[in-house]
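Given chain G, put chain X in place with the hints provided.
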Amino acid sequence: MDFTPHDNETINSMLEIIGVNSLEELFLDIPEDLIVKDLNLPNGLSEADLYQKLKEISNKNTNYSASFLGAGCYYHYIPAIIDSIISRSEFYTAYTPYQPEASQGMLQAIYEYQTAINRLTGMISNASMYDGSTALSEAALVASIITRKNKILMLKGIHPEYVEVLQTYCWGNDLTLEEVTLDELYKKIDENTAAVLIQSPNFFGDIEDIEEIIKNIREKSSKCLIVQSMTDPTCLGLLKSPGECGIDIFVAEGQSFGINPSFGGPGLGIFAVKEKYFRRIPGRLVGKTMEINGNREGFILTLQAREQHIRREKAISNICTNQALSSFSALLYIVAMGKSGLTEVANQNFQKAHYVKNQIALIEGYEIINKGPIYNEFLIRCPNIDLFLSECKHKGLLPPLKMSKYFPEMKDIALVCVTETNSLKSIENFIEAAKAAKIKGGNKDE
Amino acid sequence: MEYKFLDNVKYTSTHEWIRVDGDVATLGITDYAQHQLSDVVYVEFPEIATAFDKGADACVIESAKAAADLILPISGEIIEINETLADQPELINSSPFDDGWILKVKILDPSELDELLNIEEYKDLVIKELEK
Chain G
35 MDFTPHDNET
45 INSMLEIIGV
55 NSLEELFLDI
65 PEDLIVKDLN
75 LPNGLSEADL
85 YQKLKEISNK
95 NTNYSASFLG
105 AGCYYHYIPA
115 IIDSIISRSE
125 FYTAYTPYQP
135 EASQGMLQAI
145 YEYQTAINRL
155 TGMISNASMY
165 DGSTALSEAA
175 LVASIITRKN
185 KILMLKGIHP
195 EYVEVLQTYC
205 WGNDLTLEEV
215 TLDELYKKID
225 ENTAAVLIQS
235 PNFFGDIEDI
245 EEIIKNIREK
255 SSKCLIVQSM
265 TDPTCLGLLK
275 SPGECGIDIF
285 VAEGQSFGIN
295 PSFGGPGLGI
305 FAVKEKYFRR
315 IPGRLVGKTM
325 EINGNREGFI
335 LTLQAREQHI
345 RREKAISNIC
355 TNQALSSFSA
365 LLYIVAMGKS
375 GLTEVANQNF
385 QKAHYVKNQI
395 ALIEGYEIIN
405 KGPIYNEFLI
415 RCPNIDLFLS
425 ECKHKGLLPP
435 LKMSKYFPEM
445 KDIALVCVTE
455 TNSLKSIENF
465 IEAAKAAKIK
475 GGNKDE
Chain X
1409 MEYKFLDNVK
1419 YTSTHEWIRV
1429 DGDVATLGIT
1439 DYAQHQLSDV
1449 VYVEFPEIAT
1459 AFDKGADACV
1469 IESAKAAADL
1479 ILPISGEIIE
1489 INETLADQPE
1499 LINSSPFDDG
1509 WILKVKILDP
1519 SELDELLNIE
1529 EYKDLVIKEL
1539 EK
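Chain order of the listed sequences is G and X. Going by the working numbering, the letters in the first sequence line up with residues 35 to 480, in that order. Going by the working numbering, the letters in the second sequence line up with residues 1409 to 1540, in that order.
For reference, chain X alone in the conformation it holds in the complex:
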C-alpha cells in the first residue's frame, strides 16, 4: 500500500502533520491516518481562541467506524478552523495534506517544534506499525 508523505512538514507519532509559517502552524492528519480511519463524516472542532497544551486532544475526527482524537503536537491557541470540512469532511480523505487541513494555531513555545519527527523518522514509524 502506497502512502503519501510530504517532506516540507513535521510529523508526530500519533499521525498528525504540522506545517510552520512564522508563528502560525497548520495541522492535519497524515495520509496513513486517513486511510486507517476510512470515510471521515464529521469533525468536532474546538472553539476559536482556546489555548491548549502540547499533547491535548483538541479535536475529534469521526469516521463511519471510529472517533479519533487529533492530538496537538505543540502548545497553541486556536486561530482558525477549516470550515469547509463541515460540509465536506471527505476532504480529509481525498486531500489530507492540503484542502483537508484541520486547524491553524498560534505557536506558544517554538522549542517544542524540535521534538517533532521528520519525514524519514515518520516513514520508519509507519513501516514498524504495518509490520505489527
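Just chain G, same shape as in the assembly:
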C-alpha cells in the first residue's frame, strides 16, 4: 500500500468544505496557557555531528564478548537470513490484516508460523500473543472460562516476573492464584481447580517430569486444565513435545527463535492448545480458504466470532493483535534451522551447559544445586558470589543472574545459562573467573 500524504491543496479544500480558515483554528478550544510554545530542546545537529555524538554515547556501553545470563531472555545465534527478510518493507510496515484482500502476504506468513508451531508442539497454535508472561496469564483465563472455575494452582518454579503478571491478571478477573510444591499440588487439587500451571524447564533450570505429573493430576481431577510454560523453547529440539505428553495449553516465550534479546523485548507469546479447545483459543487465528468465484486459495482471519470486536465482554480475551513481525522471525528461524538444525541447537545447549556444570562442580567451594535433569540453565552456590560476578565482567563475560534479586534467601546462588553461542574459550574464561573468585576471596571457613 502506498503512503498518500496530504498536500496543501488537499488540506485547503478540506478546510473549505468544513468551513474553517486554517488548521490552527481547529485547536482554538485549547486554553492559551496550555499551548506548548517552547519544548526546551537543544538546537539540532547536522547528520555528521549527530553521528559523532551518538557514537560517544554508545562507547560508554560495555560490550561483552559472551554471555552466561539467561533467566527468561537468551542469546542464541540468529541466522542472517532472518533480518534480511523481515526488513522487507512489505513485512516491516504491514498493518493488521483485517482486510484480507490487501494482506495476503502477511496472512500467509502468520498461517505458516501457526503451522510451524503445530509441527513443533503437536498442538493448535494461534497467531501469537505479546510475550510469554501474558500468554501464560491468558492461558489461566481461558482455563477458567472453559471449566467455569476460579482456582489457579501454580507449581513452584515459574519465572518470578511471570508470577507478577499472573497476579495482575488473576486480580483483574477474580481468580485465586496459589503457589504450591509438587506434594502440596496433589493435595490441593479439587473440583474447583480451573488450571495447574507448570513451567518446564523451570526458572531454576530443572526439567519437570511432565507425563508423571499429568498422570498424578488426572487421578485427582479430570476437568482441570494442565498448562505448560517455558522460557526457552529451543529445548523442543530435544524434549518430548507437549502435545505428546498430553498438555492442554502450551505457552512459551518465543524470543529464542530468532529474535534479538535487545533490551528485553519485543517478545513473542507462543500459545497452542489441544485440538478439542481450538474454539476457545484467544487472539488471532489465520485460516486457509477458497475464493467464492474461482479456484484460488486465500488466507483470512477466521473464527472471529471468538474475538472481542464481535463477542464483546463474552470474548475469551481482549487482545486484538499479534506479534506479527516477531512471529515471522520465529517462523524464519524454525524454517532456516529445520529439523536437524533445531536438534543440533538443542544438543549444543544441553552438552555445553552440562560441561560447564561438571567443571564448576570440580572447583572446591562451588556446589551445583540442581538434583535432576537440566537443559541449558542451572544453579550454583558460590563461595564469593560478588567477586565471581565481577571477575566475569573483567573477562568480558556477561555474568549469570544473582538469584537474591528475586529470592532474598538465595544469597550465594547464581543462575548460569550456557547456549550454543558460548565458545570453548568463553567457557574456559568462565571457569577461570570462578576459580579466581574462590582464590581471591580466601576460605571463609578458616
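A hint or two may mislead.
[To be verified] Taking lysine-lysine pairs in the DSS-like style, the calculated list, with each CA pair at most 30 Å apart, reads:
| no. | chain 1 | residue 1 | chain 2 | residue 2 |
| --- | --- | --- | --- | --- |
| 1 | G | 348 | G | 386 |
| 2 | X | 1412 | X | 1462 |
| 3 | G | 348 | X | 1514 |
| 4 | G | 348 | X | 1512 |
| 5 | G | 429 | G | 469 |
| 6 | X | 1536 | X | 1473 |
| 7 | G | 249 | G | 405 |
| 8 | G | 386 | G | 274 |
| 9 | X | 1473 | G | 322 |
| 10 | G | 391 | G | 436 |
| 11 | X | 1462 | X | 1540 |
| 12 | X | 1531 | G | 257 |
| 13 | G | 469 | G | 391 |
| 14 | G | 427 | G | 391 |
| 15 | X | 1531 | X | 1514 |
| 16 | G | 391 | G | 373 |
| 17 | G | 436 | G | 474 |
| 18 | G | 386 | G | 472 |
| 19 | G | 257 | G | 310 |
| 20 | G | 439 | G | 427 |
| 21 | G | 405 | X | 1473 |
| 22 | G | 429 | G | 94 |
| 23 | G | 472 | G | 405 |
| 24 | G | 436 | G | 190 |
| 25 | G | 472 | G | 459 |
| 26 | G | 257 | X | 1514 |
| 27 | G | 429 | G | 89 |
| 28 | X | 1462 | G | 257 |
| 29 | X | 1531 | G | 310 |
| 30 | G | 427 | G | 87 |
| 31 | G | 459 | X | 1540 |
| 32 | G | 348 | X | 1462 |
| 33 | G | 310 | X | 1512 |
| 34 | G | 274 | G | 221 |
| 35 | X | 1514 | X | 1462 |
| 36 | X | 1473 | G | 308 |
| 37 | X | 1536 | G | 348 |
| 38 | X | 1512 | X | 1462 |
| 39 | G | 474 | G | 386 |
Worth flagging that the hints you see were computed from the coordinates, not collected in a lab. Keep in mind it's a predicted model, so treat the numbers as computed, not measured.
Below, chain X alone, put in the same frame as chain G:
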C-alpha cells in the same frame, strides 16, 4: 422475505421458540433469528443439570459474523442438549424448529409460560423489527 412460523409453539421477544410437553420444554431459535445470524458454526452449551432463572443467557450460538445469546424464556434445569449440533451446527439454519432444537429443560415455574408470545404476537414483533 418469507419467514417460517409455527403455531404450536410459544415465542419470546428475543426470538426463541419453546415447545411444551408436560413439564419438559424444548427450546430453539426462530427462522427469523437464524436468518439474521447466517451460517451457525458452533454452539456453546451449558452443563447438564444446571438451573437457570428466566432471562438468563444459557447458551451462546456462534455464527461466522456474530455470537448471540440464547436467553431462557422460563426458569429451568437443563436436562438435555442437542449433541448433533456439535458436528452439524448448520441444522439450526436448515431446520430451526425441528432438527435444529437446542436445549431441553425441566420447567421450574409453569406460570412463566403465560408471559410468552403466541404466533400472531411474534409475527407482529418481527414485522415491526423489519420496518425499522
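Each hint, compared with the structure:
Restraint check for residue 348 of chain G and residue 386 of chain G: not satisfied, since their Cα atoms lie roughly 48 Å apart, outside the 30 Å limit. Proximity of residue 1412 of chain X to residue 1462 of chain X is assessed by CA-CA distance (about 25 Å); at most 30 Å being required, the pair is judged to hold. At roughly 26 Å between alpha-carbon atoms, residue 348 of chain G and residue 1514 of chain X fall within 30 Å of each other, so this suggested pair holds. A distance of roughly 24 Å separates the Cα atoms of residue 348 of chain G and residue 1512 of chain X; the hinted pair therefore holds under the 30 Å criterion.
With a CA separation close to 13 Å, the supplied pair residue 429 of chain G and residue 469 of chain G stays within the 30 Å bound. Between the alpha carbons of residue 1536 of chain X and residue 1473 of chain X the distance comes to roughly 24 Å, so the proposed pair stays at or under 30 Å and holds. Proposed proximity of residue 249 of chain G and residue 405 of chain G is supported: the alpha carbons are some 22 Å apart, at most 30 Å. Proposed proximity of residue 386 of chain G and residue 274 of chain G is supported: the alpha carbons are some 20 Å apart, at most 30 Å.
Restraint check for residue 1473 of chain X and residue 322 of chain G: satisfied, since their Cα atoms lie roughly 17 Å apart, inside the 30 Å limit. Taking the CA atoms of residue 391 of chain G and residue 436 of chain G, the gap is near 17 Å; set against the 30 Å cutoff, the hint holds. The hinted pair formed by residue 1462 of chain X and residue 1540 of chain X meets the criterion: a straight-line CA distance of about 28 Å does not exceed 30 Å. Distance hint between residue 1531 of chain X and residue 257 of chain G is unfulfilled; the C-alpha atoms sit about 44 Å from each other, more than 30 Å.
Annotation: proposed proximity of residue 469 of chain G to residue 391 of chain G holds, straight-line Cα distance about 14 Å (limit 30 Å). With a C-alpha separation of about 19 Å, the suggested pairing of residue 427 of chain G with residue 391 of chain G holds against the 30 Å cut-off. A threshold of 30 Å between alpha carbons decides the hint, and for residue 1531 of chain X with residue 1514 of chain X the separation of about 27 Å falls inside it, so the pair holds. This hinted pair checks out: residue 391 of chain G and residue 373 of chain G have alpha carbons roughly 27 Å apart, not beyond 30 Å.
For the hint linking residue 436 of chain G to residue 474 of chain G, the alpha-carbon distance of about 19 Å falls within 30 Å, and the restraint holds. Taking the CA atoms of residue 386 of chain G and residue 472 of chain G, the gap is near 22 Å; set against the 30 Å cutoff, the hint holds. Between residue 257 of chain G and residue 310 of chain G the alpha-carbon distance is near 13 Å, which keeps this suggested pair within the 30 Å criterion. This hinted pair checks out: residue 439 of chain G and residue 427 of chain G have alpha carbons roughly 18 Å apart, not beyond 30 Å.
Using a Cα cut-off of 30 Å, the hinted pair residue 405 of chain G and residue 1473 of chain X is violated, with the two alpha carbons roughly 53 Å apart. Proximity of residue 429 of chain G to residue 94 of chain G is assessed by CA-CA distance (about 17 Å); at most 30 Å being required, the pair is judged to hold. Between residue 472 of chain G and residue 405 of chain G the CA atoms are separated by roughly 23 Å; this keeps the pair inside 30 Å, and the hint holds. With a C-alpha separation of about 19 Å, the suggested pair residue 436 of chain G and residue 190 of chain G falls inside the 30 Å cut-off, and the hint holds.
Of the supplied pair hints, the one linking residue 472 of chain G and residue 459 of chain G holds, its CA atoms being roughly 20 Å apart against a limit of 30 Å. A C-alpha spacing of about 26 Å is found between residue 257 of chain G and residue 1514 of chain X, which places the hinted pair at or below 30 Å, so the restraint holds. At most 30 Å may separate the alpha-carbon atoms for a hinted pair to count; residue 429 of chain G and residue 89 of chain G meet this at roughly 24 Å. For the suggested pair residue 1462 of chain X and residue 257 of chain G, the alpha carbons sit about 28 Å apart, so the restraint of at most 30 Å is met.
The straight-line distance between the Cα atoms of residue 1531 of chain X and residue 310 of chain G is roughly 40 Å, outside the 30 Å bound, and the hint therefore fails. Taking the CA atoms of residue 427 of chain G and residue 87 of chain G, the gap is about 26 Å. The hint holds against a cut of 30 Å. With a C-alpha separation of about 78 Å, the suggested pairing of residue 459 of chain G with residue 1540 of chain X is violated against the 30 Å cut-off. Distance check on the hinted pair: residue 348 of chain G and residue 1462 of chain X sit about 20 Å apart at the alpha-carbon level, within 30 Å; holds.
Our distance criterion of 30 Å between C-alpha atoms is met by residue 310 of chain G and residue 1512 of chain X, whose separation comes to about 25 Å. At most 30 Å may separate the alpha-carbon atoms for a hinted pair to count; residue 274 of chain G and residue 221 of chain G meet this at roughly 27 Å. For a cut-off of 30 Å, the pair hint linking residue 1514 of chain X to residue 1462 of chain X stands: about 12 Å separates their Cα positions. At roughly 25 Å between alpha-carbon atoms, residue 1473 of chain X and residue 308 of chain G fall within 30 Å of each other, so this suggested pair holds.
Taking the CA atoms of residue 1536 of chain X and residue 348 of chain G, the gap is about 29 Å. The hint holds against a cut of 30 Å. About 14 Å separates the Cα atoms of residue 1512 of chain X and residue 1462 of chain X, which keeps this hinted pair within 30 Å; it holds. The hinted pair formed by residue 474 of chain G and residue 386 of chain G meets the criterion: a straight-line CA distance of about 27 Å does not exceed 30 Å.
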